[in-house]
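Chains as they are written, first to last, in the numbering used here: chain U, 1 to 357; chain Y, 1 to 330.
These are calculated hints, taken from the structure and not from any lab test. Just so it is clear, CB atoms sit at the ideal spot from N, CA and C, and this is done for glycine as well. Among the hints, erroneous ones may be present.
As the list claims (entries may be wrong) - Computed from the model, here is a short list of chain U residues facing chain Y with C-beta under 8 angstroms:
hint, residue
1, Gly60
2, Val62
3, Leu112
4, Ala122
5, Met123
6, Leu126
7, Ser130
8, Ala132
9, Val277
10, Leu333
11, Phe335
12, Ile336
13, Tyr340
14, Pro343
15, Lys344
Said to hold, decoys possible - Sample of chain Y residues facing chain U (criterion: CB under 7 angstroms; computed from the structure):
hint, residue
16, Leu135
17, Arg136
18, Ile138
19, Leu139
20, Ile140
21, Gly143
22, Ile146
23, Gln150
24, Trp156
25, Gly176
26, Val178
27, Ile267
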Amino acid sequence: MTQDKTTGALIVKAIVLVIAAALLFAPFLFQDVRSVEVAARICIFVVLVASYDLLIGYTGIVSFAHTMFFGFGAYGAAIALKQLGNTWASIGIGAVAGIALSLVLAVAIGLLSLRVKAIFFAMITLAAASVALVLASQLSQLTGGEDGITYRTPDFFKTATKLMTDEDGKVLRIAGVRMNGKLAAYYFVFFTSLALFIVMLRITASPLGTVLKAIRENEARAEAIGYRVVSYRTFVFCITAVIASLAGTIYAIWLKYTGPDTALSFAIMIDILLMVVIGGMGTLWGAVIGAVLLVMAQYYLRDLMEVASEATANIPVLPHLLEPDRWLLWLGLIFILLVYFFPKGIAGTIMDKGART
Amino acid sequence: MDQLSQTLGRFGGVNLLPVAVALIAFVLIGAPSSWVTLTVAGLAMGMMIFLMASGLSLVFGLMDVLNFGHSAFVSFGAFVAASTLAYFGGWLGSGSVALASLALIFAIAAAVMFGMIGGWFFETVIIKPVYKDHLRQILITMGALIVAEQIILAIWGGTPMTVPRPAFLEGSWIIGDVSIEIYRVFALVLGVAVYALLYLVLNRTRIGLLIRAGVENREMVEALGFRIDRLFIGVFMGGSALAAMGGATWAGYQTLIDPTLGAEMMIIVFIVVIIGGLGSIEGTLLGALMVGLVSNYIGFLAPKMALASNMILMVAILLWRPAGLKPAIK
Numbered sequence: 001m002t003q004d005k006t007t008g009a010l011i012v013k014a015i016v017l018v019i020a021a022a023l024l025f026a027p028f029l030f031q032d033v034r035s036v037e038v039a040a041r042i043c044i045f046v047v048l049v050a051s052y053d054l055l056i057g058y059t060g061i062v063s064f065a066h067t068m069f070f071g072f073g074a075y076g077a078a079i080a081l082k083q084l085g086n087t088w089a090s091i092g093i094g095a096v097a098g099i100a101l102s103l104v105l106a107v108a109i110g111l112l113s114l115r116v117k118a119i120f121f122a123m124i125t126l127a128a129a130s131v132a133l134v135l136a137s138q139l140s141q142l143t144g145g146e147d148g149i150t151y152r153t154p155d156f157f158k159t160a161t162k163l164m165t166d167e168d169g170k171v172l173r174i175a176g177v178r179m180n181g182k183l184a185a186y187y188f189v190f191f192t193s194l195a196l197f198i199v200m201l202r203i204t205a206s207p208l209g210t211v212l213k214a215i216r217e218n219e220a221r222a223e224a225i226g227y228r229v230v231s232y233r234t235f236v237f238c239i240t241a242v243i244a245s246l247a248g249t250i251y252a253i254w255l256k257y258t259g260p261d262t263a264l265s266f267a268i269m270i271d272i273l274l275m276v277v278i279g280g281m282g283t284l285w286g287a288v289i290g291a292v293l294l295v296m297a298q299y300y301l302r303d304l305m306e307v308a309s310e311a312t313a314n315i316p317v318l319p320h321l322l323e324p325d326r327w328l329l330w331l332g333l334i335f336i337l338l339v340y341f342f343p344k345g346i347a348g349t350i351m352d353k354g355a356r357t
Numbered sequence: 001m002d003q004l005s006q007t008l009g010r011f012g013g014v015n016l017l018p019v020a021v022a023l024i025a026f027v028l029i030g031a032p033s034s035w036v037t038l039t040v041a042g043l044a045m046g047m048m049i050f051l052m053a054s055g056l057s058l059v060f061g062l063m064d065v066l067n068f069g070h071s072a073f074v075s076f077g078a079f080v081a082a083s084t085l086a087y088f089g090g091w092l093g094s095g096s097v098a099l100a101s102l103a104l105i106f107a108i109a110a111a112v113m114f115g116m117i118g119g120w121f122f123e124t125v126i127i128k129p130v131y132k133d134h135l136r137q138i139l140i141t142m143g144a145l146i147v148a149e150q151i152i153l154a155i156w157g158g159t160p161m162t163v164p165r166p167a168f169l170e171g172s173w174i175i176g177d178v179s180i181e182i183y184r185v186f187a188l189v190l191g192v193a194v195y196a197l198l199y200l201v202l203n204r205t206r207i208g209l210l211i212r213a214g215v216e217n218r219e220m221v222e223a224l225g226f227r228i229d230r231l232f233i234g235v236f237m238g239g240s241a242l243a244a245m246g247g248a249t250w251a252g253y254q255t256l257i258d259p260t261l262g263a264e265m266m267i268i269v270f271i272v273v274i275i276g277g278l279g280s281i282e283g284t285l286l287g288a289l290m291v292g293l294v295s296n297y298i299g300f301l302a303p304k305m306a307l308a309s310n311m312i313l314m315v316a317i318l319l320w321r322p323a324g325l326k327p328a329i330k
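Kindly generate the complete structure, drawing on both the sequences and the hints.
Here it is as structure tokens:
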């Protein structure tokens, strides 16, 4: 594959750089609460989707348990912050607990799936994820049940915290942005996400990544050369579980709330799937593009559909289908069409363009 | 030990598993009357799950197609049947058993018809282009499931819908101190009838012979000159129709349905198919009965464990027999 050396690849990387720059300066560029919310969500989903891409795009196994690991991380941090107080230590404990639980389950599922056909893997992970979801809503003393948990994060992230003060002792404003704890929280999310993403990029560029690509391109041949495909797959499954768990912890710190809908629900799994497929599997860059597009769509497409629904109010069926609640219907259709016609997604399709030999 | 396993094998081998489960539960529960009630409930639930799962298993066995959208037919079947029953509400309330059963038959027939037409559409439009590509199959059928759920939401709305059921299926029979819900008996009888029919079709007809041969070795059947894709469309339609029928009976059993029904059942259906072994009707029946019985017994004995019971059952069986209880595919 000479995919890395096409003009298309340069374009994709340029797009990702622009996105990264936009996210870096998001609090300054878009100065309303909602935009920063969107930007933070994009950061976290980039990590989550990229880790899923590592799994589905680089090894070809479909797991439906990715939100489960995400949820473990989120609930780990949430429960620790709630029970042990809002200190950095409790975040650490929660994160480690989430990772440990994720690892144990990932190894268990991995080992179990070694014994069965690969196709079972999707079904088993789906079943495991649904049990986790039910457990989270049943164990209400610990997880808050359907209502979830609200808690306080370390004081450093409070809106009232002053990072820098001007002469009068008030919060310093730079370019109209208050230097307060909210900003610190955003940059915490941004830089941890960036670090995790770079780690994943490093993994794909490492010898391990090369083996994974070999497995993806030709499994039988990789096996014949002497790589134990199954071990590699289980290993990658564990790595992605850990990263997803960390992403969950970051999300829990940012939201200050963790519940089944934000951390464990099947809807998030569907979002991740849509993002990976729309962005393009097996490139990691695609994860960035997919996450940006879909999170933006979630926040802004509904508004657009509301307008469209009102505009077509006189036509019989259309307004019903254009209702904002039906946006998943259209995304589903786009998803199917993409899998048919552009199985490589946006990033993959662009990267194939303009091949230079 | 060998002798023991041989004797067990002669009496039915893994087929004895549900019986063994029932016997253990009898000892644990202690009270015969609640045991009978639970067993009937478990068997009825098992038969309904069997209806939903059998199609999925056959479709996978025959064509190596894993259809994550299968549960959409369960939901559609439930809602189509509920709407039909609501439409014939007057007949149900008329007090006449004949009219009420006619309405019931219409409802199930509507669900089955819908399943067949939907199955045909699904097969030709969604699945045909991605044969032999598991990754894309999973993705596409998942996408189709999302779309189908949204369509259900658009048509029937998100609020739970009550399902009217015929008066003669309400209530329960009381024999001694045992009470048996009539609807459960109905579901059980329907399930057994469908299983018998499937068994006869698969084992006594030429088409059944071809299907079984196709499950075993598709290339060979194709090489002998049979159009297995056409056969597959038929199996797919039949499987979808069975799923819709299962959904319809499940709707009557629950009496209150909402659009998440399909997604909830899908997990159980998958567990059943995995336990039973993909591609075999007997395995699916066995798996469905096991799941039905175990979840009812556990729900009575240790309600807190009920959620995890299916998962534990699946893990235990997979550790014992990695390919399921009665796999048809080598």
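Hint by hint, here is what the structure shows:
no.	hint	verdict
1	Gly60	holds, 6 angstroms
2	Val62	holds, 5 angstroms
3	Leu112	holds, 6 angstroms
4	Ala122	holds, 6 angstroms
5	Met123	holds, 4 angstroms
6	Leu126	holds, 6 angstroms
7	Ser130	holds, 5 angstroms
8	Ala132	violated, 10 angstroms
9	Val277	holds, 6 angstroms
10	Leu333	holds, 6 angstroms
11	Phe335	holds, 4 angstroms
12	Ile336	holds, 4 angstroms
13	Tyr340	holds, 6 angstroms
14	Pro343	holds, 6 angstroms
15	Lys344	violated, 12 angstroms
16	Leu135	holds, 6 angstroms
17	Arg136	holds, 6 angstroms
18	Ile138	holds, 5 angstroms
19	Leu139	holds, 5 angstroms
20	Ile140	holds, 5 angstroms
21	Gly143	holds, 4 angstroms
22	Ile146	holds, 4 angstroms
23	Gln150	holds, 4 angstroms
24	Trp156	violated, 12 angstroms
25	Gly176	violated, 36 angstroms
26	Val178	violated, 31 angstroms
27	Ile267	holds, 5 angstroms
When the structure is compared with the earlier hints, violations turn up for hints 8, 15, 24, 25 and 26 and for no others.
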